[in-house]
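Asks: These are the residues of each chain, in order.
Protein chains: 2
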Amino acid sequence: MYRIKNSKHLASVINYTNLSNMISEAEMTEFLNQAKELNFNTATINPTYVPLAKEILADSNVRVGSVIGFPLGFENTESKVGEALSLVENGADEVNTVINLNHVASEKYDLIEDEARQIKEALGDTTLKVIIESKILEDEQKANVVIRLENANVDYIKTSTGFLTPNHIYEIVNDINIFQKYAPKTKIEVYDGIDIWKMAHQVLTAGADLIASNNGYQIVSKYKELRENTQIKPKPITLKK
Amino acid sequence: MYRIKNSKHLASVINYTNLSNMISEAEMTEFLNQAKELNFNTATINPTYVPLAKEILADSNVRVGSVIGFPLGFENTESKVGEALSLVENGADEVNTVINLNHVASEKYDLIEDEARQIKEALGDTTLKVIIESKILEDEQKANVVIRLENANVDYIKTSTGFLTPNHIYEIVNDINIFQKYAPKTKIEVYDGIDIWKMAHQVLTAGADLIASNNGYQIVSKYKELRENTQIKPKPITLKK
Numbered sequence: 023m024y025r026i027k028n029s030k031h032l033a034s035v036i037n038y039t040n041l042s043n044m045i046s047e048a049e050m051t052e053f054l055n056q057a058k059e060l061n062f063n064t065a066t067i068n069p070t071y072v073p074l075a076k077e078i079l080a081d082s083n084v085r086v087g088s089v090i091g092f093p094l095g096f097e098n099t100e101s102k103v104g105e106a107l108s109l110v111e112n113g114a115d116e117v118n119t120v121i122n123l124n125h126v127a128s129e130k131y132d133l134i135e136d137e138a139r140q141i142k143e144a145l146g147d148t149t150l151k152v153i154i155e156s157k158i159l160e161d162e163q164k165a166n167v168v169i170r171l172e173n174a175n176v177d178y179i180k181t182s183t184g185f186l187t188p189n190h191i192y193e194i195v196n197d198i199n200i201f202q203k204y205a206p207k208t209k210i211e212v213y214d215g216i217d218i219w220k221m222a223h224q225v226l227t228a229g230a231d232l233i234a235s236n237n238g239y240q241i242v243s244k245y246k247e248l249r250e251n252t253q254i255k256p257k258p259i260t261l262k263k
Numbered sequence: 023m024y025r026i027k028n029s030k031h032l033a034s035v036i037n038y039t040n041l042s043n044m045i046s047e048a049e050m051t052e053f054l055n056q057a058k059e060l061n062f063n064t065a066t067i068n069p070t071y072v073p074l075a076k077e078i079l080a081d082s083n084v085r086v087g088s089v090i091g092f093p094l095g096f097e098n099t100e101s102k103v104g105e106a107l108s109l110v111e112n113g114a115d116e117v118n119t120v121i122n123l124n125h126v127a128s129e130k131y132d133l134i135e136d137e138a139r140q141i142k143e144a145l146g147d148t149t150l151k152v153i154i155e156s157k158i159l160e161d162e163q164k165a166n167v168v169i170r171l172e173n174a175n176v177d178y179i180k181t182s183t184g185f186l187t188p189n190h191i192y193e194i195v196n197d198i199n200i201f202q203k204y205a206p207k208t209k210i211e212v213y214d215g216i217d218i219w220k221m222a223h224q225v226l227t228a229g230a231d232l233i234a235s236n237n238g239y240q241i242v243s244k245y246k247e248l249r250e251n252t253q254i255k256p257k258p259i260t261l262k263k
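Sequence order for the protein chains is A and B.
Residue 23 is where the first sequence starts when you use the working numbering, and the numbers rise one by one after that.
Residue 23 is where the second sequence starts when you use the working numbering, and the numbers rise one by one after that.
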């Protein structure tokens, strides 16, 4: 059983995410201030607001993540590399991309490895998280994909874009098992409709390194309320001699 | 009332579209052969298969369209321009992009004009279609956007990405009215769940220059069956003297 030590620890394994494409600067500022207040691992946002995030999160430990080739993943490799470099130039610490699922449909797995490698080489030390969109893949396809992603030295394999119906907890555990078996050295991030701390706990217990959630603020706040702000004063206990 | 002369004419105003992100090369080949068979105005497909489309459609009049900044539109302008150039290099005749809706939310309409202009200038003679995703905009926002797109000399204003619930025919007519009033010189393409020829007819009657549909093949085939393959032999009529 994964041990969540306290609310700070919980926030440190959450990627607080908002990938809405129609969010005003004022709303995004509020979101980023929440990320800063609770000191999440990462704030992942759309490319438009990467410079704003860099500014607001400058004096914090919160990493700035954004997305390329998102959410469909069918852009040319050359375009994805260009997008990635433009995010880094704007200050992103992490880049999330989606595999080209057409190549899965045509069983051209080598093209998936080649693309991941090209993006990772362009990014250098910047973290690369590659989303496989597990909801629409068969287990055999997932295994074939993650082997190639580990070969390409990506930093994280991530389950979902968050734009499809989220997987059930059993499907998430199945995904983690497949990732651990076929890409044992690569870290795992799960982004799959995690909206309460108990589900976060289940996913971490199953072996995820990070969870991404649009509800990070509520998850940590609720955990804090339940575990740290509860005023339980136990009655004195006299032990038997 | 728009007059559809025959099935060839109907196909000439349809952009046959397939923007699935998980389609094999064999399936895409079948789709492109359908586009060629009925001689559609355009085949719009994902970037992966632009070179294949160029090859299959080489000796036809069917234009090859693809997408950038799709379907969320929140990429940096620099990235969108890079994607556009990479599509042209692969042989695309048309580029579809989505406005950055964050700028609508923040009422930064000038940034929308500026981006459209930069993409159009990079594209030169290649057709630029700009999608406003009308489903999530207020009428006032639509008017403000389309004025700027006309200023930027885009070739078409397009209603939707096709990734949201499609608009009702009344909403489509309302959109066309707004486009005609605030961007009178720019052509109009409607992509909004048009799946039968009667709806195609309604949208063309309302003033659309082109309709985009995933069901182009079925629309034209059905029209052909109903209007051209029907064996009606009228009885001889003797007119009164």
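A few of these clues could be false.
[Stated by the list, open to error] Quick list of in silico lysine to aspartate or glutamate cross-link-like pairs, EDC-like style, CA-CA up to 20 Å:
{"hint": "1", "chain 1": "B", "residue 1": "Lys130", "chain 2": "A", "residue 2": "Glu100"}
{"hint": "2", "chain 1": "B", "residue 1": "Lys76", "chain 2": "A", "residue 2": "Glu100"}
{"hint": "3", "chain 1": "A", "residue 1": "Lys30", "chain 2": "A", "residue 2": "Glu49"}
{"hint": "4", "chain 1": "B", "residue 1": "Lys30", "chain 2": "B", "residue 2": "Asp81"}
Note that these hints are calculated values from the structure, not bench results.
Asks: Would you mind marking each hint as holding or not holding in the structure?
Replies: Going down the list of hints, with the structure as the test:
no.: 1; hint: B:Lys130 to A:Glu100; verdict: violated (30 Å)
no.: 2; hint: B:Lys76 to A:Glu100; verdict: holds (19 Å)
no.: 3; hint: A:Lys30 to A:Glu49; verdict: violated (24 Å)
no.: 4; hint: B:Lys30 to B:Asp81; verdict: holds (17 Å)
Against the hints set out earlier in the document, violations occur for numbers 1, 3.
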